[in-house]
Amino acid sequence: MQFIIQREYLIQSVQDVMKAVSSRTTIPILTGIKIVANKEGLTLTGSDSDISIQYHIPIEENGQIIVDVKTEGSIVLSAKYFGEIVRKLPAEHVEITVEDHLMTKIKSGSSVFNLNGLDAEEYPQLPQIEEDQVCRIPTDLLKFMIRQTVFAVSTSETRPVLTGVNWKVINNELSCIATDSHRLALRKARIDSVSANMEMNAVIPGKSLTELSKILDDNDEVVEMVMTDYQVLFKTKHLLFFSRLLEGNYPETSRLIPTESKTTLKVNTKAFLQAVDRASLLAREGRNNVVKATTHDNNIVEISSHSPEIGKVSEKVQCDGIIGEELKISFSGKYMMDALKAIESSDIEIHFTGSMRPFVLHPPGDDSVLQLILPVRTY
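The opening residue of the sequence shown carries number 87 in this note's numbering; numbering runs sequentially from there.
Worth flagging that the hints you see were computed from the coordinates, not collected in a lab.
Note that beta-carbon positions come from the ideal geometry of N, C-alpha and C, so glycine has one too.
Possibly wrong hints are sitting among the right ones.
Calculated pairs, DMTMM-like style, for lysine to aspartate or glutamate (alpha carbon to alpha carbon, straight line, at most 25 Å) [claimed, not checked]:
#, residue 1, residue 2
1, 300, 226
2, 254, 430
3, 321, 218
4, 105, 207
5, 274, 306
6, 125, 154
7, 293, 306
Pair ranges (Cβ atoms, derived) [claimed, not checked]:
#, residue 1, residue 2, range
8, 427, 114, 32 to 42 Å
9, 409, 212, 53 to 63 Å
10, 268, 94, 38 to 48 Å
11, 341, 216, 31 to 41 Å
12, 199, 98, 15 to 25 Å
13, 199, 111, 21 to 31 Å
Make a model of the complete structure from these sequences and hints.
Have a look at this one:
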């Protein structure tokens, strides 16, 4: 195998596929990146059994030659060393040649590396997925939906299914739900391009979605999502991203979301977030990062925290409106800040149903984005 490639394209593709490579794998060949060169271009693959990423670099794009394949072939190279080498090569073009006994020469400018390779025939095959159930989502919307939910997955393996995000498609509506039993994040969106009669209910690992979001560009190009019983495939022009699905039934969360409220706050998101952030400076040293909110007359909500070892803080925030009963409630400052950042709206509505009942946050008049937080008992 021999080819010459523009260095910037090689760096990008190596960085992307390396996100699927784990140094802790029990299968030695999976510590490497598989490289295949043929008449269509260059294909790089990385995998850790849970996630597999394949990146394709075409021979040319927009009239520009990217890869010049002299001899077709394949090789597996150490991701750790190949990634570092490619990143530090000096010239704009890189020439890679596989010689006898899988010895691979990497040449750029006056720099020449010789790296031991592995037989690509021993690299596991990627899953073959039937593309009869396809959902097409604009990239920017997909990244929004991941960002607004994935932070709420559980970090504990006690209930593995909660370490993922529940994806559902029913009647052309996609919903993503994440919960760790103390909070819940929900994002819904209308999807026009869905296979006929497609219904989906699957749990995608939070780790997989985080890595996918990092790889996808910020644009409105369409991502195809293909689902099977055990795998999900996200497919773009140059990228294939496979992830296993989590086994088990995701809990029914709709009953957790209150349908009525006793107290409603309408407040500027930035002002409320900054007040909670300041209160959390002392709360971090106390139990559970607890912050307290207390409503007062004249549309004032007081944000406070108290740590016996450190001190206390109190700040009054002017609301656009407070409707309903007086309220005193305690909650995790971290959970509240996570929720406010995820909603990404200039103003926020917070609906409370009592001091010890879950409360919800969403933009005014918009329930497609919703955050739910359980309060903390402080007495």
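_Given pair status - residue 306, residue 293, alpha carbons within 25 Å_ = 23 Å, holds
*asked:* Please check whether residue 409 and residue 212 have a Cβ separation lying inside 53 to 63 Å.
replied: 54 Å, holds
*Has the given pair, residue 105 with residue 207, been kept, meaning a C-alpha gap of at most 25 Å?*
Given pair residue 105, residue 207 holds - Cα atoms ~22 Å apart, limit 25 Å.
_Pairwise hint evaluation, residue 306 against residue 274, where the allowed Cα distance is 25 Å at most_ = Holds, at about 18 Å.
_Range agreement (Cβ of residue 98 with Cβ of residue 199, hint 15 to 25 Å)_ = Between residue 199 and residue 98, where Cβ atoms are some 20 Å apart, the hint holds.
*Lying within 21 to 31 Å: is that true of the beta-carbon distance residue 199 to residue 111?*
At 24 Å between Cβs, range holds.
*Verdict for residue 341, residue 216 (Cβ pair) under range 31 to 41 Å*: At roughly 35 Å between Cβ atoms, residue 216 and residue 341 fall inside 31 to 41 Å, so the hint holds.
*asked:* Quick check: does the Cβ-Cβ distance between residue 427 and residue 114 fall within 32 to 42 Å?
replied: 41 Å, holds
*Take the C-alpha atoms of residue 254 and residue 430, compute the straight-line distance between them, and say whether it is at most 25 Å.*
Answer holds: residue 254 to residue 430 is near 22 Å, not above 25 Å.
_Supplied distance hint 38 to 48 Å, evaluated on CB atoms of residue 268 and residue 94_ = Check passed, 44 Å falls within 38 to 48 Å.
_Straight-line alpha-carbon gap residue 300 to residue 226, limit 25 Å_ = 12 Å, holds
*residue 321 paired with residue 218 [C-alpha distance capped at 25 Å]*: 14 Å, holds
Checked against the numbered hints above, the structure violates none of them.
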